Amino acid sequence: MTLRHRHLLGIEGLAPPEITAILDLADDYATLNRSGDKHREALRGLTQINMFFENSTRTQASFEIAGMRLGADVMSMPMQASSIKKGETLIDTALTLNAMHPDLLVVRHPQSGAVNLLAQKVNCAVLNAGDGRHEHPTQALLDALTIRRAKGRLHRLTVAICGDIAHSRVARSNIHLLGKMESRLRLVGPPTLIPAGAADWGVEVCHDMVEGLRGADVVMMLRLQRERMDGAFIPSQREYYHRYGLDAEKLAHAAPDAIVMHPGPMNRGVEIDGTLADDINRSVIQEQVEMGVAVRMAAMDLLARALRADREEGVV
Amino acid sequence: MHLSFVNARLIDPEAGTDAPGTLHVAAGQIVDAAPPAARKIDCGGRCLAPGIVDIGVKVSEPGERHKESYRSAGAAAAAGGVTTMVTRPDTLPAIDTPEVLEFVARRAADASPVRVLPMAALTRGREGREMVEIGFLHDAGAAAFTDCDRVVTSTKVFSRCLTYAAGVGALVIGHPQDPGLSDGACATSGKFAALRGLPAVSPMAERMGLDRDLALVEMTGARYHADQITCARALPALERAKRNGLDVSAGVSIHHLTLNALDVGDYRTFFKVKPPLRSEEDRVAAVEAVASGLIDVISSMHTPQDEESKRLPFEEAASGAVALETLLPAAMRLYHAGALTLPQLWRALSLNPARRLGLPQGRLSPGAPADLVLFDPDAPFVLDRFALRSKSKNTPFDGQRMEGRVLGTWVAGRRVFGDDT
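Protein sequences, first through last, are from chains L and Y. Going by numbering that gives the first Met the number 0, the first residue of the first sequence is number 0, and it counts up by one from there. Going by numbering that gives the first Met the number 0, the first residue of the second sequence is number 0, and it counts up by one from there.
Certain hints may be false.
To be verified - BS3-like cross-link-like pairs, simulated, lysine-lysine; straight-line CA separation at most 30 Å:
| # | chain 1 | residue 1 | chain 2 | residue 2 |
| --- | --- | --- | --- | --- |
| 1 | Y | K390 | L | K120 |
| 2 | L | K120 | Y | K273 |
| 3 | L | K120 | Y | K190 |
| 4 | Y | K273 | Y | K155 |
| 5 | L | K120 | Y | K392 |
These are computed hints drawn from the structure, not numbers from a lab. Fair warning: this is a prediction, and the values are worked out from it, not measured in the lab.
Chain Y extracted, bound-state conformation (with noise of 0.2 Å):
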């Protein structure tokens, strides 16, 4: 199928701009000029983008499929302009074997709409003890190793790890905090939470994790990104690392820098997220990093719940929530209050994350695959947790204004969301 964008807002990230233009796609890609009996599509004056490429999408296959499936965070993604999901192995079983990872990545190709990459587990059953067969698994595809939101505690694995992994070319994903100070916490400790009289940390355990993890890396020659960077105290480390040379890079999730520790009022549970919110000043560092690109990648960290698991009390609840569709909205706050370009967003959603894991995506240039999202920053509605496409509803954002809708997304030329008309 050939297509042509016409009347189009391009955000290329790549180019940093954000300008009227057209845009064509042959045989699923980008290409430079029109491509003969393409398809016109009228954009309206709209943005188009690069799809989002999104690091850390937990979907509950295998184990829980209740919360979510291939096919239903498949069609969440679409409708949320993600276009390649980078999904957690934290399922049940881990992804830590060939064959499960086979498996996922069947099941991915049958049901999701949008392109799936499964990561793999770092240790064994992500226990921190053994590693994972981190070679088989990298030629199986294994997009990145990581044991998601469990810190790998013992130094000398972890540091065997990298080592390993440095040898195959493998990426490394680590979640920056130090366990024991963090143990039993589930709020960023400050007036609120101690009011609140939950259990809190310091998000200095943050910096340390971090501090940890970048000596390890130096130590080794590992590739690693950090999943999540959420507090002031933690960049000049990333900043430090990135500096000397470091092959590192960082993330942080779209609630971290829309949300903050007060959010969570009344124990509200879809507040409950890892790391806990963090206080404002933490939020707009974080924010201000993105913008200076020190923190590389947004992801959604979509973490599907089902109601059972947080209609708990706050301390007893699963932490997460689910953001692949509302990861572009969200993100269009921060575009709205004048703190991010739409570049500097799509620079963060779709090209960095894209070139950390060394794919063609998050470009609009002549060559790139056609993984497009078209959408309307300015489009206002209010957030119906039901109406997500989601098994899981565990949204922070229900309820909410929101301004930023989706109208179409395409896959390598092929509409997977929206009315083709």
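Chain L on its own, in the form it takes in the complex (with noise of 0.2 Å):
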């Protein structure tokens, strides 16, 4: 199997059975990461820039670990530090870094698109570590087979993702790959973080929490997104805690099985009750952080191998 896609930019783009290869690989690959022997081959030879433009730590840590177990060089930017501060424009840096011959290019900015500008100016492939509020499609993968483990399949599954939607890319993303996989979406929160147009998004809105968890299957929680908050969306970090945060007697109105995840860094006591969030029995948010790895080294690989039949091909 491999993508017909050069770059991984968003989940909008994958087909179904894209995203289940993806998912099927990145299964092996967890299966590997808990072995003794972690290391692989499959980037043998190819250079892998991270260029983060916003501060990450998970992220970016998760990005290096799945190259270096494959085997490829990673070097990792301060972007935050760089020549951006200087002037150099997103399309500059980008052709900078071109001229270094960089296989796989991993980019996070703080603006929705810039990754896709990027893709369309450098010639190896270009993940998209999180753009703006626009996509970060490896979370969504990530949280799919996080799901896909506990539950035994994507369809027909209820799932609330509940908080901060306006500002999140996670949602978005998750919105688009489990609406290809045929689950049930809830979006809940207060309407002030609910994007004007969701509604037309072939998703159910709630604006009230115990309405929005009731039968749910899966709790998606997001994190309230101050630093991108520009003006006054809700009244209080109590007052959403009260109304939007999650804790045991909300989340009793899921389903009695319902898992409870969160993308991080979480905001303990104002989305998600800390106790909650530490609970095995409901919380899969360790999970999530331990198949981002495999799932980034699913999507690196595969896109290697796309990228190398292109290179045979001449295309590139």
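With the hints in hand, could you dock these two chains into one complex?
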């Protein structure tokens, strides 16, 4: 199986069989990652550059480990401190890096669409590690893998995505992915944090947490993105926690075997009760982190195969 | 030079007719009868119409001549059938003193083959604090006063500007937009913008801005033109104001009549304009409002931007599109779709803008200036942005199939575009 895409810019452009193929391969890598010899050679000889224009510890580490386990030469550019500050444009930075012949570029950028723009200007594979409020495809894939391992399927599940939908690229990628896999989606949050037009996405929109959680198989909490908020969205964190924070009482309205997810980093006591987040019977938050490495290995492996095939044909 | 255009399809927006005929020109004016020794121009059944009067053209002089000069804009206008460019003052520095206005007028006279009427800023530096010398600038020939896409946020300052302009008899052009609601937005809110994760504004911000402006116009009795009305929700307010006898008119850009929010696709910054492209429902409503005459004027809103200012993430990219050369072929889309007749189009492209500015253009009747465009409404072509005469190539129509080609343009009876054969 190879992807028919050069880049992984979002879930929107993926077909369900491609999603399944990535998840199947990621399952294998998840097994590998639990074994004593975690090293493979799928990316041997390839150079992976991580460009994070936005602070990230977890995702960057996850991509670094994934690349190293597959034998790539990995380097991470601290973009926050680099030439962007000196006035260089995104395109110039991309062209400069492109001249160093990377094979995989992993990019996170604070603006929606910036990674698409960059991908047009380089001749290697680009992985979107999150662009603005647009997409975060590997997060949706790792969420899907986590759900599939817990529930055995991705179709006919009721998934409640709760909280700050407006500022969340995680939500958008998950909506694409779970919609494609034929699950039923509910977006739950205060009206100020549900973007205008969301009701036309083929999802249910709820402004009441209890109603939104009723019968849900999966409860996906989102981080309240205070750094992206440029005005009044919620009156206070304590009111938000009271109305939309996930605690055992609200979770009781979900299906008895519902799992609780969070893309991290969590604001304990803001969107999720700390004890609940640590409850190994309900919370799969640690498993999400684990699956993150496996999914990124699978995605980079498949992109590298596509890239190598293209290069043999002389397309690149 | 005396001319007789024979075998023409005459588009007369004043009479509302589209009929075969002959048009005579003597001494730069349209005349009744064939002048002696007139040169015959066989139009071959093609359309002959008054030249386009385009309110709101940005020529990037002074300040950013690399984006567009009077020479390049003038050439583009001539090739697009635009015979009068009413230019914007959002230059660097802004056209906010009689001296800068005079500089611009001189540059235009030297370099542009078509007529140029510069507008002046309404407030100094377009900063919304102090009014410009409206009287001096009016006397120096400022066609209208506008801060372009910057809304004068202080209602007190804006009301004083309107009051003073009313005393001078000057036209004020506003950009109806609630600045608070639209702050930071680069798309129209809805399903698509939300999926793309772009900061978006409801079209309601336009209605709020228009409501405010119209209230101040009612208070001050000023002559007011809204540069762009692009959504259905703003139309009832405009209709009411006109019915109540306020001296108001409204325009719309050709882009808002022919494109919608979905055209942005995967963050294509050439489709980033101000206000942002609207929903299809709003586009249709705007077209209908042009047909009914509620929206008076169609403009190119020609805004040159270089590659550097467009090759950026969508939010950071500059707004605006060049359109002098694509205005007519884009308008032909509305004609071919059956949405507007040619006389209706020319009423909005030529007659109404000329009337609003007190110009004699826009008519085919004797005594009117011989500012004319000869075009084939059916000639198909694929637009290549690098073939445009503008220095900047930021057109949303790049690579698109279009119909409608300008064959000749005349200003005061003098040919400024097309082969003289």
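Here is what the structure says about each hint:
1. Y:K390 <-> L:K120: With a Cα-Cα distance of about 23 Å, the restraint between Y:K390 and L:K120 holds, given a limit of 30 Å.
2. L:K120 <-> Y:K273: 27 Å, holds
3. L:K120 <-> Y:K190: 28 Å, holds
4. Y:K273 <-> Y:K155: 25 Å, holds
5. L:K120 <-> Y:K392: Holds, at about 19 Å.
The structure is consistent with each of the numbered hints, conforming to all of them.
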